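> Please model the entire structure based on the sequences and the hints provided.
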Amino acid sequence: MEAAFYIAGIVAIVSTVLTISRLNAVHALLYLIVSLLAVAVAFYAMGAPLVAALEVIVYAGAIMVLFVFVVMMLNLGKRAAIAEGQWMQGSIWVGPVLLSAVLIAEVVYLILRARLPEIAVGVIDPKQVGLALYGPYLIGVELASMLLLGALVGACHLGRPVHEKTEARYDRNSDGARAHSGGNLIRAGIGRTPDAP
Amino acid sequence: MTSPYPIVAIAGILIVALSLAALLIWLERRLLALWQDRYGPNRVGPFGLLQVVADMIKIFAKEDWIPPFADKGVFVIAPAIIMVTVLLSFAVVPFSPGIIVVDLNIALLFFLGMSSLGVYSIVLAGWASDNKYSLLGGLRAAAQMISYEVFMSLSLMGVVLLAGSFSLSAIVEAQKRLWFVVPQFLGFLLFLIAGVAEARRSPFDLPEADSELVAGFHSEYSGMKFGMFFVGEYLGVILISSMITVLFFGGWLGPWLPPVVWFLIKMFAFICFFILLRASLPRLRFDQLMSWGWKVMLPLALLNLIVTGAVVVAWQ
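From first to last, the protein sequence lines stand for chains P and A. Residue numbering for the first sequence follows this note's numbering, beginning at 1 and increasing consecutively. Residue numbering for the second sequence follows this note's numbering, beginning at 1 and increasing consecutively.
The set of hints was computed from the structure by calculation and includes no laboratory data. This structure is a prediction, so every number in the text was calculated from the model and none was measured.
Facing chain P, according to a computed beta carbon distance under 10 Å, are these residues of chain A, among others:
1. Val-74
2. Ile-77
3. Met-114
4. Gly-138
5. Ala-142
Ideal Cβ positions, reconstructed from N, Cα and C, are used throughout, including at glycine.
Structure (structure tokens):
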């Protein structure tokens with residue numbers, strides 16, 4: 001299991017570096033997905049199967065799909081990759097590389113000096129995670145749920161059908177009045193009658 | 001509970017699943033024909049059974065063309081993803097005591113994780129083809145599968161609550177007295193609908209709606225790469241049918257016959273049901289699909305979870 005952990009760790013590091021250095025946004029996202037999967041394998045090797053499964057379902061399976069979805073909608077294409085290539089040239093790398101080299105040196109030093117802790121502390125089954133979450137860490141669960149509720153309310157607010165009043169205000173105040181009201185009418189129509197004949 | 005000879009189990013399950021998927025192509029065409037009052041393929045071999053072989057030879061011999069405007073690497077890897085994720089999911093399906101590759105204690109979550117990774121196949125195929133119809137198919141697939149995954153996993157949590165485990169063989173064992181379809185009927189319906197949507201079968205086949213998107217995400221695919229999407233879809237149907245069998249209909253449990261036979265009988269019943277759905281229902285419109293998922297199915301799944309939880313607590 002220890003070998004699996006280290007191999008997964010190396011895969012995660014390499015794919016994360018590739019994520020940063022890719023010019024094409026979708027390719028970068030693919031490497032990020034690989035990195036998340038590698039982290040999931042590392043969790044599994046450490047004896048946390050539930051966290052590994054949730055890493056795959058939530059991060060790799062849901063959040064990253066949304067990222068890919070948005071990048072697909074942006075339709076970046078070859079010109080964006082060329083522009084990225086021009087931004088990422090030469091001297092711009094020097095500063096970040098030097099600073100992170102210092103950090104890596106520190107991390108290596110600390111790891112070499114400290115006695116390596118045991119990786120596997122035994123398998124932690126889903127029940128134990130649940131008991132811990134709804135026992136000592138209840139406040140964290142509640143805070144996270146409040147945050148998510150806030151996000152949900154915000155999304156509902158942004159996605160609501162536009163009312164007549166706000167539409168009229170758009171007509172008076174904004175320059176592109178016609179375009180605005182047209183768009184709003186279409187959106188309101190979709191929102192109101194999903195199953196009109 | 002894990003098989004004593006894992007390699008034999010792996011090889012056996014792979015061979016059976018892949019040949020079943022190939023056979024399903026014939027079965028679907030025959031059954032669709034039956035329900036539409038015509039014959040279907042009946043020329044090649046007895047009952048047209050060798051039609052599968054003929055189709056295989058044809059699809060292998062076809063030119064495997066990669067469009068020059070496509071993103072080559074992603075284009076090639078996309079059909080492989082769906083095969084890998086679906087076949088990996090079969091590793092946790094308990095066909096009978098002893099015929100299972102690995103009996104994980106998070107098997108159900110493993111299945112959900114693999115099915116959520118399967119989305120990438122469709123989305124990336126749509127993107128890499130660099131074709132507006134494919135891209136629309138890919139976008140639809142992403143939105144549809146993410147939405148339906150949410151209540152797919154929620155609908156299963158009732159079963160987990162009753163069985164007290166994520167392990168699929170433990171779930172089957174917990175149904176010795178009563179199949180979960182009885183106490184979890186709502187959960188079963190929700191999972192059935194979500195499963196059809198996850199397998200992108202009619203009436204939820206919007207990512208490849210032929211009449212509006214040419215062939216959706218696989219418009220640009222030919223030869224065996226197209227074949228992999230095709231077989232992947234049928235493997236998905238087999239997988240969802242076996243999951244329904246395991247989670248709600250007692251898996252291998254049943255009197256007289258050997259356990260594997262019971263499993264296959266139940267699984268085949270659901271496969272035929274999937275084909276019947278395709279023969280009888282029209283395709284949904286996309287906004288109907290989304291609002292149905294979020295406004296009806298998700299609240300019902302949450303309600304099912306809350307009521308089941310309350311009953312389980314009250315029982316103890």
